[in-house]
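Student: Place chains B and C on chain A using the hints.
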Amino acid sequence: MRTTITVNGEARSLDLDPRTTLLDFLREKVALTGTKKGCDHGQCGACTVLVNGVRINACLSLAVMHDGDEVTTIEGLGAPEALHPMQQAFLTHDAFQCGYCTPGQICSAVGVLAEIKADIPSHAGDVGAQARLTADEVRERMSGNICRCSAYPQIVDAILDAAGNLP
Amino acid sequence: MKPFTYERASDAKAAVQAAVETPGARFIAGGTNLLDLMKLEIEQPQHLIDVGRLPMATIEDTADGGLRIGAMASNTKVAADARVRSRYRVLSQAIVSGASGQLRNKASTGGNLLQRTRCPYFYDTSKPCNKRQPGAGCAALEGHIRESAILGASRACIAVHPSDMAVALVALDASVETLTPSGETRSFPLMELHRLPGETPHLETHLIPGELITAVVLPPLPEGGQQYRKARDRASYATAHASVAVVGGRIALGGLAHKPWRAADAEAALASGATAEEAMGVELKDATLRDENAFKVPLATRLVAATLREAAQ
Amino acid sequence: MSSVQDWEAPNPVKDNRSGLIGKGVDRYEGPLKVTGAAPYAYEVTPPSPPAYGVMVGAEIATGRITGVDTVEAEAAPGVLAVWTHRNVPAQPPRGTKAHPRSTSGSRPALESDRVTYFGQPVAFVVADTLENATAAAKLVRLTYTAADPDVDFPHRLDAAGMPPGEQDTEIGDFEAGFAASDVKLDETWTTPIQNHCQMEPCASVAWWEGGKCIAHTSVQMVKPAQHGLAETLGIGRDDVHLLTRYIGGGFGGKGQTYDDLTLAALAARALGRPVKVAFTRQQMMHGTIHRPATIQRVRLGAGADGRLNAMSLMTWTHCQRDGAFTEHASNFARNLYAAPNRLTGHRLVKLDLPHAGAMRAPGEASGTLSLECAMDELAEKLGLDPIELRIRNEPEVDPENGRPFSMRQLVRCMKEGAQLFGWDRRLPTPGQVRDGRWLVGLGMAAAIRGNFLLPAKCSFSVDADGVITVRQGMTDIGTGTYTVLAQIAAETLGVPLGKVVVEIGDSELPPAPGSGGQFGAATAGSAALAAGMNLRQAIAELAVADPGSPLHGGDPNAVTFQDGVVALENRSETLAELVRRAAPAGLTVEGEIRPAQDAQKWSQQTYGAHFCEVGVDPVSGEVRVRRMLGVFAAGRILNAKTARSQLTGGMIWGVASALHEGNAPDLRYGSLLGQDLGNYLVTVQADVGELDAIMLDEVDDKANPMGIKGVGELGNSGAGAAVANAIYNACGVRVRDYPITPDKLLPGLIAKGW
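Protein chains in written order, with my numbering: chain A, 14 to 180; chain B, 119 to 431; chain C, 630 to 1383.
Calculated from the structure, these hints are not laboratory results.
Wrong hints could be hidden among the right ones.
Capping the alpha-carbon separation at 30 Å, the derived lysine-lysine pairs in BS3-like fashion look like this [stated by the list, open to error]:
no. : chain 1 : residue 1 : chain 2 : residue 2
1   : C       : Lys852    : C       : Lys979
2   : A       : Lys42     : B       : Lys120
3   : C       : Lys1044   : C       : Lys1010
4   : C       : Lys841    : C       : Lys726
5   : A       : Lys42     : B       : Lys403
6   : C       : Lys767    : B       : Lys157
7   : B       : Lys403    : C       : Lys1381
8   : B       : Lys403    : C       : Lys1373
9   : B       : Lys120    : C       : Lys767
Just chain A, same shape as in the assembly (with noise of 0.2 Å):
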C-alpha cells in the first residue's frame, strides 16, 4: 500500500506491505536503526517514538495506520555532534550503559515532559490535581521502558535535568 509517514521532518512515500510494523518500517525500509527492537510486543519500550507529539510503542502499529502522520524519532531529536538537551542529559547522568534502551527511553523522556505539561495524571499521583514533575512521577511514568543494564536512578536524574533546561 502507498503510505506516507513524515519521519523527522521528511516525507517517505513508500509503497508497503501492510504487516510492516511502523517499528519495522523505520529499521527496515528507511535506515533509521535508532529505534529499537527489544520485544516487539510493547512490553519493553524501546521502539518508543513520537508520533504527532505523543509517545507510542511503534512495534505495535502498522506503518499503514500512519499514513499522513508525523513521526520523530531519536535521530530526529538530535545528532552526535548537536545533542537534543534530553540527550546531553542522558550522557552527562550516564543514563544508558549498554545503550539499546537508550533511544526509546529518550523519546520516552520527551514524551513525558510533554504529557506532564499537558496535565496528564499518572499513577504516582493522585488523579484529580494537577500533575507535577517529581522524581516519583519520572519514575512511573518512565516504567514502560525496561533498562535491563538499571540505569533507572540515572535515568531520573537525567530527565530532572533536561526538564530544567528544557524551554
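Tutor: Just chains B and C now, kept in the frame of chain A:
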C-alpha cells in the same frame, strides 16, 4: 503475521458493513493488543478495517449529567479528562494503573474493553487452548500459574480478563453503545458485554459479528466515595493479581475472573451491615481455588476492606 | 615470568598526572548511543540488501523430529530457503576443532533430528523481507515423537551428583562443630530460574567476500565466537572476520554465540547475499542460556559470643542433560567469614531443560540470597546487630586456603555504609515502623566477588596528527570499556581524551578475553597500559634519535608526555610535530598482560555492603524499595561515573532477584512459563527508589599493574539479601523462596495478624 488486506474506514456505517461483508475482517483501532496477538498468529484476520480515525474520540456531557466517552478516545485522553478526574476519579485511577504511558496513548476505550487475556498458555501457541482453538483443551488447568480465575471459571478456561479500566467502568454502572451491522445503534449495560467462559471461552463478548463499540456512557455522578486499588508483582506495568473498584456502595473486582466482576453479593451483604471481610466471604464462597491462586481470596478480601475505607475518606 | 612485584613500579596510571584516571568522564561512545547512531549487529549495513532469516523452535522438550513438511513454507511469497536437519548444509560434528588451538569448537545448527530442549532451533526460513520470512516460518510443519520431559528439579534431587571434577571442601569437622554449637541455624532457601533478558535479542548479519565470512554479531567474547564460527563453517580461522562493536547487554548470556550466527553465515554462503537473523524475545527465553534454579541449605553454628564455630552452604542446582554448567552458589562462602569447621559444595541434576549458564555474578547472585539472610537470622537469635555479627566473624586470612588477603575492606564498607545510611535508626524488633500504609524496615548484607586477571594483548598507534588509536579484540557490553581504554590511553600518552580513538569488538585486533566475570577492565586495561608504555618508549626513542627533534640525543627514559607534548627537561615539541616529521606513517606497537605467577599467593576479592529500606504493604504483601545504598571496595576506580553505574545496575539486579524475577518450567511440556517480558517480570523504573553506590578509596597492588579490580558483578552480590532482610525487619515475615512476591508474603502477614 499472516497476510491481510487493510482499509481505513471513513465512516462508521460503512465500516460495520464492510466488517460483515468481508471474510475474516476485524476492526483495528489502537492495535496494541490485536497486533501483539497477530504477530503470534493467535489472531489471524484476513482484512483489517482501521476505525482509529473515525470521529468517535470525543468526551461529552450527557443530558442527564453523565458522560459519553467516544470509543476511539485513547486511554490517556479519558484518564486526563477534567470531568473524569473530578467526577469519576475511579476511572482515571484505574486507567493510569494499567499498562504503560505509551500503550495508554495508543489504546482506545473500545479496544481496552475487548482486550484478551494474558494467560501464558493462551500466548504459547504450542499448548492447547480452548480460546485459540475451541475443543483443543486447556493447558492452564493442570498448569501452575497464579494468573488464573477464582470466580466464574470453567473446565474449559481459567483465564482472567486483564483490563483495569473495565473494572472501574463496571463499578460505575457504565453502559456501552454500539453500531450493529444493520446500521442501528444499541445500548446495553457494560456488565452484559463480557461472557464467562463456560464451554465456549473463545466467545468473550455478546457483540454480534461486525458490531462496533462506538461509546461508553457513564451515568450521572454516583453518590459516595470512589477508589481503585490494584495489587501486582511490581510497582508499575504489570497486570493485577487482584484489583478493586469501589464506587459508593458498588464494588467491582479485577484479576479474578474472565470478566470484570461485579461483587453484587458482597454489596448486598455490606448494605445489610456485614463487615467487608464477611461480605467478601459471601462473594467468594464459590471460588474455585488452586494452590497457586488461592492467595487471591485473602488478597481480594483485604483489598476490598482497605479500598472501602479509603473510598469513605 | 611476571610477579606482582613487577607491578609495584610507578606507571602513568598510578601517577595520574592529568587526573584522568578515576575521573567520571562521559562515555566515549555515548554521543552515538544517545542519538541512535551506534549500529548494533542487526543494524549494520551490509554491502548489498540482505535477506531475512527466521528460526523455528522445537515445540517439545525431548524426543525426535519424525516428520518434516516444508511444502507450504517453500511456496510462500518471497521465500528463498527453508532448512531443517534434513537439508541444512553439512557442518562438522559439535565440538570439532580442526585447528587444535581454537578457543571454541564447532557449533552446528539444525544438527540432527534429536530435540533436547523446548525451543531448540529446529528449522530456519530465509525470505526477501522480514514479514515474509516470519510468516513462512509459521508454515513449517514438524511432527515429533516426544518423551516425557524430566524437568521437575525439586523432585529430582535423587538424581543429583557431584559436578564433574569437583569435590566438597571441608575444613575441620563440620558436623561435630555444628552439633557442639550453642546457637544453631539450619534453613533452606530456593532461587528460581532467571533469564538474562538483555534488551537487545541475540542477532547477527553475515556476508561473504570470496572465501571470507564477515559476520557482525552480539557477543561478549570475540575470539571464541570467531573460532567457533570458523570451525562450524569448516574454514580457516582467518577466514572469519567477526565484529561486535555495540552490544545491547550481555550479563553472561552472550558469552557464547547461538544459532543466529551460524545460520546467518551458512545462509549467506548458500544464497550468495547478506543474511540477517535475530532471535525474537520469546525465542530468547528458551534458545539462549539461563541462570538455573538452586536449593541451598545453610547451617550456621555459633557460640553465645557470636563467633561462628561451624558454617555450611550446600547447593543443589541443575543444567541441561548434554551440558556441563554448575551454578557455584557455595563458592563465595569459602572466602567470606571465619569459622573453624566448614563444609561447602554443590550437587548437579541433569534435566531436559534449556541450557543453564553464567548470568551476572554467577554463584554469588544466588548464594548470597541464602547465606546473607542466614547471617541476619543468626544475628537475631544471638541478639546481635547484623553488622556486629559479621565483624565478629571477620577472618584475618582467607578462611579456607589460609592466604593473606590482597586487600579486604569489608568492615569499612559496613561501617561507612551504616553511618551514611542511618543504620542506627533500625529497630531490631521487626514490625515497629509504620509510614502510612507501609510497614518500613531496614536490612543489610555483605557483598563479595573474586578478582581475576586473564592474558590479553592490545595495540597502540600514534599518527601524524598526534592521535592515539587503541585497538583490541575486546568488547563493551555497557560496562564502559571504550571509555576506560580511552582514559588509560590519554593518561599514558599525555594527550587529551579528544585525541584518542578506541577500536574494539573485532577479531582482527589483538586478542582480549572479552567481557565477563568482572575481569574486563583489569585485563583489557592492563594490556592497554602495557601497549601504552611500549608506545611511550617507541616515541621517546624516535625523538632522541631524530636530529630534527629538540629532544635529539637525550635519554629516552627521561622523556615525559603531557598535554600532547613530548619533553625532555626544558626541550619539547608536540607529539604531532614529532610523528609528522620523524615517522609520518605513524607508529604502532603492541603490549600484553599475563597473570603474575605469584598472584595466587593472595586471596583477591572485591567487597561491599548493601543497605536497604523497604516498605511492605501488609494488606497486599506488595514490597517497595524506598532507599538503597551500596558501599564498595574494589581497587582503584578508573571512571567514577561508569563504575557507579555498574554497581547501581548490579544492585537493582539484586532488587529484581529479591522481588520480581523468576521462571519455572511447565512440568508436562518442559517449557518455561515466562516466555516474554509480560510474563517474565524484570524490575522497572517505579520499583527503584533512591539508590546509590559509593566506592571507597583503594589500590590493590596485587591485582594488576594499575591496582584496579572489577565492579560488574560485585553490585549484584548480596543486594537481594539486603532487600529480603529489610522485608523481615519491616514485617517480621521471612520468605526463603525467591522472589518474594505478594502471594508468598501474604500468608505470613496474615499469620502475624497484620
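Student: Hint by hint, note whether the structure agrees.
Tutor: Results for each hint:
1. Restraint check for C/Lys852 and C/Lys979: satisfied, since their Cα atoms lie roughly 29 Å apart, inside the 30 Å limit.
2. This hinted pair checks out: A/Lys42 and B/Lys120 have alpha carbons roughly 20 Å apart, not beyond 30 Å.
3. As the CA atoms of C/Lys1044 and C/Lys1010 are separated by approximately 22 Å, the hinted pair is consistent with the 30 Å bound.
4. Note on C/Lys841 and C/Lys726: the hinted pairing holds, with a Cα-Cα distance of about 19 Å set against a maximum of 30 Å.
5. The hinted pair formed by A/Lys42 and B/Lys403 fails the criterion: a straight-line CA distance of about 57 Å is larger than 30 Å.
6. Of the supplied pair hints, the one linking C/Lys767 and B/Lys157 holds, its CA atoms being roughly 10 Å apart against a limit of 30 Å.
7. Distance restraint check for B/Lys403 and C/Lys1381: the Cα-Cα separation of roughly 24 Å lies within the 30 Å cut-off, and the hinted pair is therefore satisfied.
8. Annotation: proposed proximity of B/Lys403 to C/Lys1373 holds, straight-line Cα distance about 22 Å (limit 30 Å).
9. Note on B/Lys120 and C/Lys767: the hinted pairing holds, with a Cα-Cα distance of about 9 Å set against a maximum of 30 Å.
The structure does not agree with numbered hint 5 stated previously, though it agrees with all others.
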